[in-house]
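Participant: Sequences listed follow chains A and B, in order.
Just so we're aligned: the first sequence equals residues 1 to 257 in our numbering.
Just so we're aligned: the second sequence equals residues 258 to 575 in our numbering.
By construction, these hints were calculated from the structure, which means they are not laboratory data.
Think of the CB as a built atom: it goes at the ideal place given N, C-alpha and C, for glycine as much as any other residue.
Any given hint could be a false lead.
As the list claims (entries may be wrong) - Here chain B is said to cover these stretches of chain A; the calculated rule only asks that three of the stretch's residues, wherever they fall, bring their Cβ under 8 Å from a Cβ of chain B: (1) 55 to 66; (2) 120 to 128; (3) 138 to 152; (4) 165 to 172; (5) 193 to 202; (6) 211 to 221; (7) 239 to 247.
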Amino acid sequence: MKIVVAIKQVPARDSVLRVDSAGKWIADADLTYEINEPDAYALEAGLQLKEQVGGEVVVLSAGPARAAQTIREALAKGADRAVHIESEDNFGGGDPLVVAKLMAAALKQESPDLVLTGLQSDDLGMGQTGVILAELLGVPHATIIMNIEVSGTTLNVKRELEDGWFQNVEMPLPALLTMQSGSNKLRYATLMGIKKAKTKELKKLSPSDLGGMAAPTTVIDRVYFPERNKQSQIFEGSPKEAAEKLIEKLRFEARVI
Amino acid sequence: MSILVVGEQREGALNKMSLETLAAAQQMGSQLGLPVHMALFGKGAALAAQAIPAAVQVIEHPLLDSYTPDAACIGVRQLIEKLGARVVLFPHTYQVRDYAPKLATSLDRVLVSDVIAHNVNGVALTLVRQLFHGKVNAAVKFTGEPPFFASLQAGAYRVDNLEPSPATVETFTPQIAPEQVRSKPLDLFRESARAVDLSAADVIVSVGRGIKDPENLPLIEQLAKALNAEIAASRPICDNGWLPMERQVGSSGQTVAPKMYMAIGISGAIQHLVGMKGSKVVVAINKDPEAPIFEIADYGIVGDLFQVVPALIDALKK
Chain A
1 MKIVVAIKQV PARDSVLRVD SAGKWIADAD LTYEINEPDA YALEAGLQLK EQVGGEVVVL
61 SAGPARAAQT IREALAKGAD RAVHIESEDN FGGGDPLVVA KLMAAALKQE SPDLVLTGLQ
121 SDDLGMGQTG VILAELLGVP HATIIMNIEV SGTTLNVKRE LEDGWFQNVE MPLPALLTMQ
181 SGSNKLRYAT LMGIKKAKTK ELKKLSPSDL GGMAAPTTVI DRVYFPERNK QSQIFEGSPK
241 EAAEKLIEKL RFEARVI
Chain B
258 MSILVVGEQR EGALNKMSLE TLAAAQQMGS QLGLPVHMAL FGKGAALAAQ AIPAAVQVIE
318 HPLLDSYTPD AACIGVRQLI EKLGARVVLF PHTYQVRDYA PKLATSLDRV LVSDVIAHNV
378 NGVALTLVRQ LFHGKVNAAV KFTGEPPFFA SLQAGAYRVD NLEPSPATVE TFTPQIAPEQ
438 VRSKPLDLFR ESARAVDLSA ADVIVSVGRG IKDPENLPLI EQLAKALNAE IAASRPICDN
498 GWLPMERQVG SSGQTVAPKM YMAIGISGAI QHLVGMKGSK VVVAINKDPE APIFEIADYG
558 IVGDLFQVVP ALIDALKK
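Extracted from the complex, chain B is given alone in its bound form (with noise of 0.2 Å):
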């Protein structure tokens, strides 16, 4: 029985949600009496591997190459069932997503997905998630047979609490054949060259879905102007084409360190946090104060940003 990791890598490249993913991997495996393993798959991960302060098991295939959901379900399965791992771990990005559920609908499990915190009491594992955009939090119980699958969300674990143990390379050859793979994956592409390149501002004025309307936005552009500072976007508001793709801060867009962050009408999902994160002073304008931007907020405002914004922009000629 064994806590196993799943990693993630590109090209060699490790993907640093792994090692917070690890860090939490040990934290459990000392609470729960557990040793820790790690896995990584795909064309690189031989080399990723010896970045990792642990016990490594490389999943070779030459099918597991290039990522397919069908074979990263069943390389990652043989390993569990060789393994007889009693807790599966992964970080929770975009390819965890995409194959992590149905292996564990192929072992009859849930996956407990986007999980931020654990309590172990006993033998009992306990996983807090967050619902509603992160506005409540669950805490979610197993209530099944091992082995328990859980991914956890970007930035919840901590890599410098990462204990160095023995480093090992093994080589696990799971049994995949062509047959079983049914998608085939073509080229990774950019869509197009950034023109404007918002790491590189001091000063960020960002708008989300509070702004209503595209009719609105002369409003933050006045206070940008106000401010010297770029003008940035959650999603919702680059998805409606109300600012150009680029403007966007997220996951799936920018990720922006600026002296001075000011969301405006942002309630502050996950995928907007870990792309804005990083910034020096987090302002937040919101009309509602349970809105999670306030968890990060060093700075904030509880109102109508339509009222807000313009005494802001009074403010400041002052």
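If we strip away everything but chain A, and leave its shape as in the complex, we get (with noise of 0.2 Å):
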């Protein structure tokens, strides 16, 4: 069974974000950057296939130089090979279908079996990067998925829905499933692993081998912090000082305790 698992680099999950001098963007120049967590997911679900049906995984990143980083990581992990989709040019800002077109060309280019990504990104959070994908290629798909059964060229995969419901979909191969997180536990990357990362294969396409940039039809106009709409009281002091007042309040005003 040939996966390709779809990855992005996003900024570290604690990072102090500033918005850029054009107010278009975050500030990135002393950012840390790390594998998208959900992505994460999907890689382990995409291991764990192959070691349970044989074949091999591809890892797919579209992202600036710096992204090689977070891709020879995913090779340590135990991916086969990668395909790097380099450029500097942002990849339309803010618009999903540009970077997903580029994808989508490349993953023609290796007609695979099974595509998993992650079901949403950290950084732009709009959730559809797997979905377009799927639509591109013309392969059903199924998002939010817990769980993945293979047998012959039919998939049976776990869907998860709100509060606490789930549903069973079945649907041929090729197919595309985004992974939520949690759906699986994480492997760490062995020495061994790191090792071989080195000597394995990572191609690097630029958006010109894959039918040039389309123009975006939706921009980031401004970005900015949000007001807060309430205003909460924010007790200061030292730990014990703010802990006490905040009791007090919670005790003798709210009444809550």
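Once you've looked at the hints, go ahead and assemble the two chains, each given alone in its own frame, into the complex.
Facilitator: Shown next, in the form of structure tokens:
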């Protein structure tokens, strides 16, 4: 089974964010980056499937040169090879269709049986790249998946719904799934894996290799910190002082404890 | 030209977010000078349509009875084309996340997802959505041709702003062939009976990623004991198996409304907030002053939970 896992490099989760001078994105000069967390679960699902049914796991990522670090980490965890669509030209900013068209062109060259990706990114959070890819590739899909079973050319997946409900869905391969975080237990790269990753194939493609970057049809006009609608009462001082003031408030004014 | 709201219902029960989306469409409609239509599909849609104070199109087809992204996409697209909709709005539900991006892509458009507000300047529509799990907002503009697609976050628009308009129900029958529907939906189910009913708790102490390691959980347990509170958690804590799934609060877990909800080391992503924003008093303890949890907190302490929580336990002993 040929599995492609689409991953994205995003700013580390606890990053302190600042808006850039143009007010169009966040200032990215001193950020550290990591794999988008739901994509890490998609990678794990892909590696586990390969262990069960055999085949190959290929990592696909679109991003600037720095994304190579995250791709190498995926190879160290056990992916067999990787494709990096590299450009410093921000892939249409916040427009998911622009980057998905390039990724779909790269996927067509691979013609995988299964494409996996995380359900959404921790930065833009559009939650769409996987679904868009399925439509561009003309394959069936399902989203927010917790579990995958393969029997022959049929997939049976467990899809998460709201309020603790789930649904099983069946579909033929080739197909695309977007994986939920927490759907499995992530592995760490071994020392051997890190060593091997250095010799694995990492193919670089440019947008022009893939038919060029389309013009975006949506643009981020302005990025800003939200105004707080509600005035929270923040208790200042040392932890001890703040804690005492808070408990007094909860006991004698709010009377909730 | 019109604004089309594609609502959601299950077995005749209307998803409340459908009416929030209708309220948003009415606001945009009066600003843009466009009439508003609503659409529903799936088994029970005709029944659910009766609860809507607006003109409703019921998209009826046997292949739409059980939800699949393929049939939903085809059915809704044919209605959009028939009505010549200029703006198409959805509630940002799990089902919409499953088919609406596919629908927009099939028309070479982008769905602006999880929108929290909008602005109209002349005929130009700007949508506001959140980045980085609610830490930052972005104003998004359409630069292409209509139809424009957007899904709206739960609670972003208020149902009580809904203006009743003449309620009519029409049926629209799309052309869908069985071979166009590639996936087969099977049974809906829940994992197990919930042993813990957090909705009955008066006081809840809830813990998130900030706790860093399961070995630190006894600290939260001590605080919960001192407050006579139930312990709850945000999704990552339950995903990691640090606390059982039945203690998860949020869109995929339980919805709670206690007298006091104390969120410790929880940044406050929307998926968590929807499960607890009905709480009478919300207290947030977080090291990041920009954390979205402070947006809905009544009281807060900005600081290291490993210093603040022991201080709270001490203060409660007094």
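Participant: Count residues of the segment 193 to 202 of chain A with a Cβ under 8 Å from any Cβ of chain B, then say if the count reaches three.
Facilitator: violated (count 0)
Participant: Checking C-beta pairs, does the segment 55 to 66 of chain A have three or more residues closer than 8 Å to chain B?
Facilitator: Not satisfied, violated; 0 residues make the cut.
Participant: Can you take a look at whether the segment 165 to 172 of chain A is actually covered by chain B? Rule is 3+ residues, C-beta closer than 8 Å.
Facilitator: holds (count 8)
Participant: Quick check: the segment 239 to 247 of chain A, covered by chain B? Criterion 3+ residues, Cβ under 8 Å.
Facilitator: holds (count 7)
Participant: Are there three or more residues in the segment 211 to 221 of chain A whose C-beta lies closer than 8 Å to some C-beta of chain B?
Facilitator: n = 7 at 8 Å, threshold three: holds.
Participant: Between the segment 120 to 128 of chain A and chain B, see if three or more residues pass the 8 Å beta-carbon test, and mark the coverage as holds or violated.
Facilitator: Result for this restraint: holds, n = 7.
Participant: Holds or violated: the segment 138 to 152 of chain A covered by chain B, criterion of 3 or more residues with Cβ-Cβ distance under 8 Å?
Facilitator: holds (count 5)
In this structure, the hints that do not hold are numbers 1, 5, in rising order.
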